[in-house]
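> Residue strings, one per chain:
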Amino acid sequence: MEDRLGMGGRWRVAILLLILTILTVPILIGYVWILISTFSQRTYGLIPVDASGQVGGLTLRNWSFLWEDPNIWKVTLNSLILAIGLTIGVVLVSSMAGYVLSRISFPGRRVFLGTTLVLHAFPSVTLLIAIFFVLRWISRIPILGRDLPIIGGFGYNTLGGVILVMLALQLPLGVWLMKGFFDHVSWDMERAALIDGCSRWRTWWQILLPQIRPGIAALAIFSFISGWNEFLIPYTYITDQQQSTIAAYLNKLLSDTAPVNYSQVAAVGLFQLIPVMLFFLFTQEYLLSIFAGGAKGGS
Amino acid sequence: MSESASTAQALEVGKARYPEEKASLRSLLSPLLFMAPAIVLVVVFFFIPVVIVLVISLTDMSTATGFNNWKWVQFDNYLRIATHPNTLPVLRNTLMYVALTLALFNVGMALVIALLTTHIPRRSGFLFRALWLLPRLTPSVVYIMMWKYVAADAPYGILNQHLLGPLGIPPTNWLPAQPWIFVILTNGFIGASFGMVIFTSAIESIPRDYMVAALVDGCSLWQRIRYLILPLLRWPLLFVTTYQTLSLLTSFEQILLLTEGQFGTEVWSLWAYQRALSNYWGNFQWGFGAALAAVLVLIGVVMALVYMRYFQFNQLVQEPKIEAL
Numbered sequence: 001m002e003d004r005l006g007m008g009g010r011w012r013v014a015i016l017l018l019i020l021t022i023l024t025v026p027i028l029i030g031y032v033w034i035l036i037s038t039f040s041q042r043t044y045g046l047i048p049v050d051a052s053g054q055v056g057g058l059t060l061r062n063w064s065f066l067w068e069d070p071n072i073w074k075v076t077l078n079s080l081i082l083a084i085g086l087t088i089g090v091v092l093v094s095s096m097a098g099y100v101l102s103r104i105s106f107p108g109r110r111v112f113l114g115t116t117l118v119l120h121a122f123p124s125v126t127l128l129i130a131i132f133f134v135l136r137w138i139s140r141i142p143i144l145g146r147d148l149p150i151i152g153g154f155g156y157n158t159l160g161g162v163i164l165v166m167l168a169l170q171l172p173l174g175v176w177l178m179k180g181f182f183d184h185v186s187w188d189m190e191r192a193a194l195i196d197g198c199s200r201w202r203t204w205w206q207i208l209l210p211q212i213r214p215g216i217a218a219l220a221i222f223s224f225i226s227g228w229n230e231f232l233i234p235y236t237y238i239t240d241q242q243q244s245t246i247a248a249y250l251n252k253l254l255s256d257t258a259p260v261n262y263s264q265v266a267a268v269g270l271f272q273l274i275p276v277m278l279f280f281l282f283t284q285e286y287l288l289s290i291f292a293g294g295a296k297g298g299s
Numbered sequence: 001m002s003e004s005a006s007t008a009q010a011l012e013v014g015k016a017r018y019p020e021e022k023a024s025l026r027s028l029l030s031p032l033l034f035m036a037p038a039i040v041l042v043v044v045f046f047f048i049p050v051v052i053v054l055v056i057s058l059t060d061m062s063t064a065t066g067f068n069n070w071k072w073v074q075f076d077n078y079l080r081i082a083t084h085p086n087t088l089p090v091l092r093n094t095l096m097y098v099a100l101t102l103a104l105f106n107v108g109m110a111l112v113i114a115l116l117t118t119h120i121p122r123r124s125g126f127l128f129r130a131l132w133l134l135p136r137l138t139p140s141v142v143y144i145m146m147w148k149y150v151a152a153d154a155p156y157g158i159l160n161q162h163l164l165g166p167l168g169i170p171p172t173n174w175l176p177a178q179p180w181i182f183v184i185l186t187n188g189f190i191g192a193s194f195g196m197v198i199f200t201s202a203i204e205s206i207p208r209d210y211m212v213a214a215l216v217d218g219c220s221l222w223q224r225i226r227y228l229i230l231p232l233l234r235w236p237l238l239f240v241t242t243y244q245t246l247s248l249l250t251s252f253e254q255i256l257l258l259t260e261g262q263f264g265t266e267v268w269s270l271w272a273y274q275r276a277l278s279n280y281w282g283n284f285q286w287g288f289g290a291a292l293a294a295v296l297v298l299i300g301v302v303m304a305l306v307y308m309r310y311f312q313f314n315q316l317v318q319e320p321k322i323e324a325l
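Sequence lines, in order, name chains F and H. Residue 206 in the numbering used here is what sits at position 206 of the first sequence, and the numbering runs on without skipping anything. Residue 43 in the numbering used here is what sits at position 43 of the second sequence, and the numbering runs on without skipping anything.
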């Protein structure tokens, strides 16, 4: 089917496809290995082998961590709390700010938009050292610091603190993305609501938010995956095993001084990868659009 | 409608658009409440940290001094950086890492993938772009684990077993043997997707007329790329190059997971991180680490301002079309 201008003949398409496939192989190999390895005693390259090195040795034993190590469920729960907390926070804060920035003129609007735009390009990892001090100060605030249920507070060594840091670092992207989506919503319905005496809050919540569902979905998926995947920030700011996340748990397995059992580590890795893959399968289009939009600073 | 009437109407609309002069406290309250969480977060996690980095870089604060016994040392930390024996090798590493990853993958490979996937049937193109997005979405710890296994010594490593073994090359653990190849590959396969997405949308937005004209004139694929597509990609190319330079300069997560800076792969940002927040000796030198980070913060601020200036980000900040009621 000739669906592109200047695509050329069948042979040329075949050659281009071949080149692309060769370039993409290194990406695929890792995923193939992880899949094979989790069900094998060990692997020589991509070939599953048993203890004596003979081909075979398929097993389910690598997954025994699921029922033998109670820690895995603790860290999984923590990762889940982190991902969900981050998603709610990013969507709520960005859609509130995005709405006002898109619709209302107020002093400081340009300044804030300009600032977040600069921050969008600004490499936030360079601030990790300073954020360490900020989190330590937040820890000293009574109750809010380190005595909240579920997230443990917003200070150092708590899940809430990590959520807050990640939320702030994702804010520039989120605000611009939401502003872009609000910009494309027609103003008529909102004006009708406001004239009828609807407050700004109700207008935002009941009239506008339902209009930008695709934007919210894209931002939510992206935030969830970042929260679930994140390694560096929980690893840096959480020292307590009980508060640790699945990425940090996996890294600990990998950097153990004892010889690493790659097959078992692969199983934990696949365990962390599964939710991401499911999201990925069903939402690629959203995700490609967020990367295109996010890079250009919204819309 | 007569011209004067429409002008009068436009003026009236204009007046409604800019009600700032008569903005009452009440009308300001609701935007402020909407903005409050975002403003607080930006101040607490961007502005205050920038100040903290600069201030701490002027002290000798470390786990040895604690938070009470530190003192001001003026620019000693910066002088220490200037004379430190690691400074030159780390600087060289950083430049090599950024330049090679950028040229080979973040721009080079991104362009190749964008060009290839836009010249095959749409669905296949989409599939390949989705696959290239995969490394970016994979948890970094899992992703690096895959690469470690690719490089592992015989008989486990994929490279030794399936590619180099049959070619008769003696097996080894390739990560310590060729650390830079793997540092660049791991970062490159993640980094390429950013440019790929931007270049693809730029290529697909090239007007069809140009393409038709080129085809009518009998241009070959290569001629179309060279004389039509590449010139039109000038701005996206420049944008991706500068933007990714900054990202690479400050990203160290993959290197931390892959080598922890061993085998001579220490880069500037990782050096700052390890000095201040994570090292084997447990002596965290916040002052020195902050000075190292401050250098990057400075580069980041300058680069971000350059983007604002040259990529017309200002246009995006324009006033909303309708905002007053």
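Since the hints were derived computationally from the structure, they do not count as laboratory data. One should not assume that every hint holds.
To be verified - Derived DEER-like restraints, expressed as beta-carbon distance ranges: (1) P176(H) - N261(F): 31 to 37 Å; (2) S64(F) - L127(H): 33 to 39 Å; (3) S64(F) - P176(H): 27 to 33 Å; (4) W63(F) - L230(H): 39 to 45 Å; (5) L95(H) - C198(F): 32 to 38 Å; (6) A213(H) - L281(F): 19 to 25 Å; (7) D50(F) - A64(H): 38 to 44 Å.
Unchecked claim - If you want the ones that stay clear, here's a sample from chain H, every Cβ over 12 Å from chain F, calculated: (8) A64; (9) T65; (10) K71; (11) W72; (12) V73; (13) D76; (14) N86; (15) A177; (16) P179; (17) L233; (18) R234; (19) T265.
Treat the numbers as computed from the prediction; the structure is a model and nothing was measured. The beta-carbon is built from N, C-alpha and C at its ideal position, and this holds for glycine as well.
> Please go over all the hints and tell whether each is borne out by the structure.
Going down the list of hints, with the structure as the test:
For the pair P176(H) and N261(F), the beta carbons lie near 21 Å from each other, so the given range of 31 to 37 Å is not met. Checked against the hint of 33 to 39 Å, the pair S64(F) and L127(H) passes, with Cβ atoms roughly 36 Å apart. One distance hint, 27 to 33 Å for the beta-carbon pair S64(F) and P176(H), holds here, with the actual separation near 32 Å. Look at W63(F) against L230(H): about 50 Å separates their beta carbons, and that is not inside 39 to 45 Å.
At roughly 57 Å, the beta-carbon separation of L95(H) and C198(F) lies outside the given 32 to 38 Å, and the hint is violated. A213(H) and L281(F) have their C-beta atoms about 40 Å apart, which leaves the hinted 19 to 25 Å range violated. Evaluation of the 38 to 44 Å hint for D50(F) and A64(H) yields a failure: the beta carbon distance comes to about 52 Å. Every Cβ of chain F is farther than 12 Å from the Cβ of A64(H); the closest lies at roughly 16 Å, confirming the non-interface assignment.
The Cβ of T65(H) lies farther than 12 Å from every Cβ of chain F, with a closest approach of about 14 Å, so its non-interface assignment holds. Non-interface status of K71(H) relative to chain F is upheld: no Cβ of that chain comes within 12 Å, the nearest being about 17 Å off. With a closest Cβ-Cβ approach of about 16 Å to chain F, W72(H) is found to remain outside the 12 Å limit, as its non-interface label requires. Non-interface call for V73(H) relative to chain F: holds, since the shortest CB-CB distance, roughly 17 Å, exceeds 12 Å.
With 12 Å as the threshold on Cβ separation, the claim that D76(H) sits away from chain F holds: the shortest Cβ distance comes to roughly 17 Å. Here N86(H) stays apart from chain F, with its beta-carbon at least about 18 Å from theirs, past the 12 Å limit. Every beta carbon of chain F lies more than 12 Å from that of A177(H), the smallest distance being close to 17 Å; the non-interface claim holds. Under the 12 Å C-beta cut-off, the non-interface status given to P179(H) relative to chain F holds; the minimum distance is some 17 Å.
Taking the minimum C-beta to C-beta distance to chain F, about 14 Å, the non-interface status of L233(H) holds against the 12 Å cut. Residue-level check passed: R234(H) sits 16 Å from the nearest beta carbon of chain F, beyond 12 Å. Every CB of chain F is more than 12 Å from the CB of T265(H) (nearest about 16 Å), matching its label as outside the interface.
Taken one by one, the earlier hints fail for this structure at numbers 1, 4, 5, 6, 7, listed in ascending order.
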